[in-house]
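Got chain A sorted already, so can you dock chain B onto it with the hints?
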Amino acid sequence: MTRWVMVADLRRCIGCQTCTAACRQANGTPPGVQWRRVIDVELGEFPDVQRAFLPVGCQHCDEPACMDVCPTQATTKRADGIVAIDYDLCIGCAYCAVACPYQARYRSSRPTYAYGVPTDNERQTDDPRRIAVATKCTFCVDRIDAGLAKGLTPGVDAEATPACVNACITQTLAFGDVEDPQSNVAQLLATHRHFRIHEELGTGPGFYYLWDKA
Amino acid sequence: MSAPKDVAYGAAPWRQTSWDARAAGNFIGGGTGAGLIVFTVVASASGMVRTGLLLIGLVLVAAGLASVALEMGRPLRAMNVFRHPRRSWMSREAIAALLLAIFTLAACSGYRVDMLAAALALLFVYCQARLLQAAKGIPAWHEPRIVPLLVTMSLVEGAGLFWLLAPLHRSGGTRLLLGFAALLLLRAVLCHTYRQRVNDASPAAGAALGTAVRVLAIGGTLVPIVLIALAVWLPYSAAMQAIALAGVLAWIAGAWLKLAIVTRAGFNRGFTLPALPVRGTRA
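Protein chains in written order, with our numbering: chain A, 44 to 257; chain B, 3 to 285.
The set of hints was computed from the structure by calculation and includes no laboratory data.
Glycine residues also receive a C-beta, built at the ideal position from the N, C-alpha and C atoms.
In silico contact screen, one side only, chain B against chain A (beta carbon under 7 Å); selected entries:
{"#": "1", "residue": "Q18"}
{"#": "2", "residue": "R76"}
{"#": "3", "residue": "S93"}
{"#": "4", "residue": "I140"}
Which stretches of chain A does chain B cover? Using the computed rule of at least three CB atoms under 8 Å from a CB of chain B, they are:
{"#": "5", "region": "92 to 105"}
{"#": "6", "region": "108 to 118"}
{"#": "7", "region": "123 to 136"}
{"#": "8", "region": "234 to 247"}
So here's chain A without its partners, still in its complex pose:
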């Protein structure tokens, strides 16, 4: 079985938000909606201060809290682990948004554009079906599916890889099939100490964070 996951090496991330920008460009998300974002975590008091940058977004959980609560079955999980939303079924109740422990879901009540009127890119990516319903990171599922159809390998071939991973200038982000022991992500997890966020909730996130070598 294939299980697509993302891995973020926290030692590499510099908080440049290039992944955020790439995601917004690729998916045409409106201002204020960041399916991929990087949280700036500052800890301690001077002079003992540490800083970390934490890329977050939908964790494509094994047991998605959003899917269980959804009253319409708009949220589903594919066999490859990707959690998807059917925009035509969603009623925009935002129950999934409060159920998600990762604050990954958004709801835009009306179309908004960065400069008031749509830019060329915004016009191309505008999707009225996404207004007033829940939206979130899709792991760029269209790229994955189209790439697989061409015989490409997601996480290896850029054309089949999520936009944020392609854009990452420090190679913090990696994407691949965790069930394949030879995959890039499986190798990273085998050779590094790692954690998943809010794992105690039993959601089984598909997003791993590396913090030290093994």
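For chain B alone, coordinates are given in the frame of chain A:
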């Protein structure tokens, strides 16, 4: 090669903005209406009084659902809410509301289904409580003790409305009044234990509940119980006014706490890191 479990770092929780007073309106209106239906059946009210109280209860449930519909992004697709009863408490709540409406109207029409309507009202508030408790993203809602608290709160709010209207319908006796006082005490105890658990799980949420919890303890519990005790000694008309005042105070305090739970205490989990990245040279 997982992370150590004894430490945690992270970005502090912040208040959710997805659900506001409109969502709280569902828990307040629905809870009060369902509680009133239960209390009316328990009180064995009869005739027009019974019909009137049952209908008021049903209208409040509908008003609560209408309130939350105002928050819905795509209200014209509202029928889709029935699609996932196998897992979603929101679907179950909707189905319970539908059945409650059918059997309450049947009871109003003379069919002997009062007990069934009351049972469905209880089921409805239980679904509401589980609905909130299923939200893993909000610690104050995910706390299991919110379930008995919300169910009890709904019964108290319904009873509060029943006694508020008592000068009009003149139903209910001393035993029912004592039952109301017992419910008030139970609600206060459950509220206290719930608040303690929330303090542990989400200190920010616990602090946000402070005022509403104190109001419930004093204005929503202590004062109404004193008024109920006084009613025993007062002349009939003054006693009815004291009981009505007790009812409205109990209702206001409960509604305020529900509003606080949904809006003010709705802090998310933030992002907790069990380990910080190890960079540069090692000690």
